[in-house]
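Protein chains: 2
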Amino acid sequence: MSPPAALDVNLVGVTDTSAVPIPEPLAVNGVSAWRQKTAKVPTGIAAASNSDMFKSPICYTKPKAKQFEHRFSLEAKSRKASTLKGAARYLKNPGLISLGGGLPSPEYFPIEHLDIKVPTVPGFSPEATRESGTVLHAGKHDIQEGTSTYDLEIALNYGQATGAAPLLRFVTEHTEIIHSPPYSDWQCTLTAGSTYAWDTALRVFCERGDYILMEEYTFASAAETAFPLGIKAVGIPMDEQGLIPEGMDEILSNWDVAARGARKPYVLYTIPTGQNPTGATQSAERRQAVYKVAQKHDLIIVEDEPYYFLQMQPYTSGDASPVPPPSTHEEFIKSLVPSFLSMDTDGRVVRLESFSKVISPGSRVGWIVASEEIIERFTRTFEVSSQNPSGISQLALFKLLDEHWGHAGYLDWLINLRMSYTARRDSLVHACERHLPREIVHWEAPAAGMFHWMEIDWHKHPGVAAGKTHAAIEEEIFLSAVNEGVLVSRGSWFKPDHDIAEKKMFFRATFAAASSEKIDEAISRFAGSLRAQFGL
Amino acid sequence: MSPPAALDVNLVGVTDTSAVPIPEPLAVNGVSAWRQKTAKVPTGIAAASNSDMFKSPICYTKPKAKQFEHRFSLEAKSRKASTLKGAARYLKNPGLISLGGGLPSPEYFPIEHLDIKVPTVPGFSPEATRESGTVLHAGKHDIQEGTSTYDLEIALNYGQATGAAPLLRFVTEHTEIIHSPPYSDWQCTLTAGSTYAWDTALRVFCERGDYILMEEYTFASAAETAFPLGIKAVGIPMDEQGLIPEGMDEILSNWDVAARGARKPYVLYTIPTGQNPTGATQSAERRQAVYKVAQKHDLIIVEDEPYYFLQMQPYTSGDASPVPPPSTHEEFIKSLVPSFLSMDTDGRVVRLESFSKVISPGSRVGWIVASEEIIERFTRTFEVSSQNPSGISQLALFKLLDEHWGHAGYLDWLINLRMSYTARRDSLVHACERHLPREIVHWEAPAAGMFHWMEIDWHKHPGVAAGKTHAAIEEEIFLSAVNEGVLVSRGSWFKPDHDIAEKKMFFRATFAAASSEKIDEAISRFAGSLRAQFGL
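The listed protein sequences derive, respectively, from chains A and B. Reminder that position 192 of the first sequence reads as 517 in the numbering used here, one-by-one numbering, no gaps. Reminder that position 301 of the second sequence reads as 626 in the numbering used here, one-by-one numbering, no gaps.
Careful, some of the hints might be misleading.
If chains are identical, the list can't say which one is meant, so a pair holds when it fits in one copy or spans any two.
[Unchecked claim] Pairs of lysine-lysine residues, derived as DSS-like cross-links and limited to a Cα-Cα distance of at most 25 Å, are as follows:
id, residue 1, residue 2
1, Lys417, Lys843
2, Lys557, Lys391
3, Lys557, Lys402
4, Lys362, Lys589
5, Lys557, Lys405
6, Lys785, Lys387
7, Lys589, Lys659
8, Lys829, Lys391
9, Lys829, Lys402
10, Lys410, Lys557
11, Lys793, Lys843
12, Lys829, Lys410
13, Lys829, Lys785
14, Lys621, Lys389
15, Lys391, Lys659
16, Lys442, Lys417
17, Lys659, Lys410
It is worth saying that the hints were derived from the structure and are not from the lab.
Hey, can you work out the whole structure from these sequences and the hints?
Have a look at this one:
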């Protein structure tokens, strides 16, 4: 893929930029001007597009990604471009009548228009939206009528695996504004959700019998996606900042192929921000150290980042006044911990992006960012599997994010969400401070995400003297809490590596769903059940 | 899974029905009464449901499906229920506060309502819809407000792999009305489209190195889904009714494990109705014969049926008057060729259903029907891959199909579609009759689907005398047509089994997309290019 025609060609491929002016980084308020310089966004049925159509000139001042073909699975290496999609190149011939592809005629799509009522910036609450929200209208023929670049005629038909061009443009620009990847040939593709993207990543990179690297506690479903493919997980030790790079290096440096019965792992799955279940967030320095270990052992890093925009304001205890929100978009963006993508000079990072925690999980639309070589293997897989995310979902997201909010409005929404989650997190931690017996429960206020991780000093449990196992005591505490009317998650559920015995004991609570009154009541019940269990 | 509580328990599990009254088969006009007798449709966030909640009593008078665990892949056998979803059972405890699952709170979903404008029966055309269509309204809290069983609060959140209960109910009832499977424990699950369902079927049933059975010409993408998984295809000979059962029996009976380097195939992928690319439709007798061979060799039949409701009226040549539409729903249903599912006494059929050709491919919502044992393996896969189809798509389909049209209106829509496709097919075949040189082109008018299959007597091509290959001549004819301004598809693109040399030569044309004037012009161009190529 090549940069768009409108691009200043003097800059393409130039890596020594001392003699030429360096283009400005793309910022929120530069998008509109840049769009006017580029070619028009493709609008046809199943129109092909790629991020190079939308990336700004500064991207092409950077070196290209390294090649990672040696990391592809046999399955990924075997994938070829679709035979039938190949015929589409003839459709460009002027005057040609196609009796080729079996696409239904839009007259048989029984939806003439779709309207959604959404928040008007800055009135983001449901109440404000009901009172003063904006109704966005998508008709069947808006493109023909010149009122939009995406409409129902296109959204209801077959699409490209990379997604609809107008939404791909938005996520490409968003990626550049937030992460500014340090190599030139990065690409985005939309996905049918990041659970599906992770399943695909395993198919792209791994073979049956392989190990992958995961945090010692991780999202249980991510591990359960891998196991049936014959892939095992090795758990990397963690601290309050998440995975410990030295621990990973040690595992990899001492990997014993014969003892493990498997080659050295080369895929790291990590949730760097607001990790599930521990709530840990890797600092910038921690990420740099992890990246160095990844370079040393030539790893692919899959960074699963649903909670990236649930980075909260600093925690303040009950008496202190809360920290005010970022006052500008620049301040907000600067406050975000840098992603692995933003430090990925090699192109070894696959970033899984999700709208699930910031817009709606039900849309089943996400996207991934990686080098062109890697994205191409993912889209080849999508073409004969998910095909593309729902066109109806894509249309709703495009109307909301691009046509209505724009990048500025979306960042306002994310700042608003940050403040809401900060308040929720504070409610939960305050409740813990009020109710939990500190002699047996320890925690850190999480800096991001949805989860609060509580360590229980289980050695003080009377069951230990009676010879009960870690698992039995964990179960007893869990069931006792359920009996008291509160459901928390058991730490052991999140252990991907069952070969390691658990020395510590944890429970996970979320502050995402319940109201602050319910959270207080729930933690009070949990405290009561712990006191009874431990005889306090 | 067990039948719903409201079911007449006297009939459950009874296979000798001589002494008890046999329940009525479910018909369109019986749905409403039956719904009132059953338990309410589940409406909570990610509420679990299954087809047994919605099937009518007659289903339980039938014997159970056979077990097919011996056909599952290692991957499928390894799949376990999700750890985190397992915790959901405690949510039923009255008064329990959950700090368990990380589901976002609906107040952060920025869509307050969604409206779609759709056809009012019987005004199905886009013009009629614009003038007198109905606007369907989905709010965020319709369930709480008692105005619907499905709303945005639920659709925008995480869901179950089987899909939202209200839409699962509709497709279950539809399946029973149309196919009435002859065993009791069949189930439906929604899918993120049938391309994805087929990819999953390969993962559920096949191992690397296996062969699968396909028609000798088949949907190219279906074969290309299999190849990168290390699965090869053996092509079954076809005639004007599609695959020849004796041909399949011969291949299986003479399978030489050593010569093939693979065990005997046990998965048949077939498009029984309006086959892509040949347009062939298997008659009821043909299907019975195929099913017998499947029983003999213990095959799984994957019937991919996107064109089932594109069965058209009998073809009439240009002079004769067209056959009038079916006058009742019963007549329409009776006119449909019976599916493999409807004759599947063993439970060896996996039926892939799609809305792509009858509502919209962009919805990326389909469903599958199979035995409970098989469906369970599919849903375990979905849970850690697609999760569920887009909630926004599901909500739009539910509003249209269930709340607005109902089963009767949907059948009216399908009858209307049948008449439209009949007219399109007739246009194309009439154009062929008018323009094509019969001395070198042969065809049958297709009875279903979107495709017209034309055999070219390539031995009469002057290139043969000049020593050109089949492939070279096919390419020459194809490119000559493109130069004349018409795109048709080359038959060789659809050959899944590259070990067999092609004796015949075919081109495929679709009548789905272009207008009848364009179709006539396109066929006239194709005729001109053929005459020039063959020197006629």
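Consistency of the hints with the structure:
Taking the closest pair of Cα atoms, Lys417 and Lys843 come within 25 Å of each other only across two copies (17 Å); inside a single copy the shortest separation is 60 Å, beyond that limit. For a Cα distance limit of 25 Å, the shortest separation of Lys557 from Lys391 qualifies neither inside one copy, at 27 Å, nor across copies, at 33 Å. Taking identical chains as interchangeable, the C-alpha atoms of Lys557 and Lys402 lie at most 25 Å apart whether they share a chain (22 Å) or sit on different chains (16 Å). When the C-alpha separation of Lys362 and Lys589 is checked against a cutoff of 25 Å, the pair qualifies neither within a copy, at 47 Å, nor between copies, at 59 Å.
For the homomeric pair Lys557 and Lys405, the shortest alpha-carbon distance between copies (15 Å) is at most 25 Å, but the shortest distance inside one copy (28 Å) is not. Taking CA atoms no more than 25 Å apart as the test, Lys785 paired with Lys387 passes in neither setting, with 57 Å inside one copy and 58 Å between copies. Taking the shortest alpha-carbon separations for Lys589 and Lys659, neither the intra-copy value of 37 Å nor the inter-copy value of 61 Å comes in at or below 25 Å. Neither within a single protomer nor between protomers do Lys829 and Lys391 lie at most 25 Å apart by alpha-carbon distance, with minima of 40 Å and 47 Å respectively.
Proximity of Lys829 and Lys402 under a CA criterion of 25 Å is satisfied in neither setting, with 42 Å inside one chain copy and 32 Å between copies. With identical chains, the CA atoms of Lys410 and Lys557 are at most 25 Å apart between copies only, with a shortest distance of 21 Å across copies and 36 Å within one. Taking identical chains as interchangeable, the C-alpha atoms of Lys793 and Lys843 are never at most 25 Å apart, the minima being 33 Å within one chain and 79 Å between chains. Taking identical chains as interchangeable, the C-alpha atoms of Lys829 and Lys410 lie at most 25 Å apart only when they sit on different chains, with a minimum of 24 Å there against 54 Å within one chain.
In this assembly of identical chains, Lys829 and Lys785 lie within 25 Å of each other by CA distance solely inside one copy; the values are 12 Å within and 81 Å between copies. In this assembly of identical chains, Lys621 and Lys389 lie within 25 Å of each other by CA distance solely inside one copy; the values are 19 Å within and 57 Å between copies. Neither within a single protomer nor between protomers do Lys391 and Lys659 lie at most 25 Å apart by alpha-carbon distance, with minima of 28 Å and 61 Å respectively. Taking the shortest alpha-carbon separations for Lys442 and Lys417, neither the intra-copy value of 38 Å nor the inter-copy value of 33 Å comes in at or below 25 Å.
Taking the shortest alpha-carbon separations for Lys659 and Lys410, neither the intra-copy value of 42 Å nor the inter-copy value of 37 Å comes in at or below 25 Å.
Hints 2, 4, 6, 7, 8, 9, 11, 15, 16, 17 from the earlier list are contradicted by this structure; the remaining hints agree with it.
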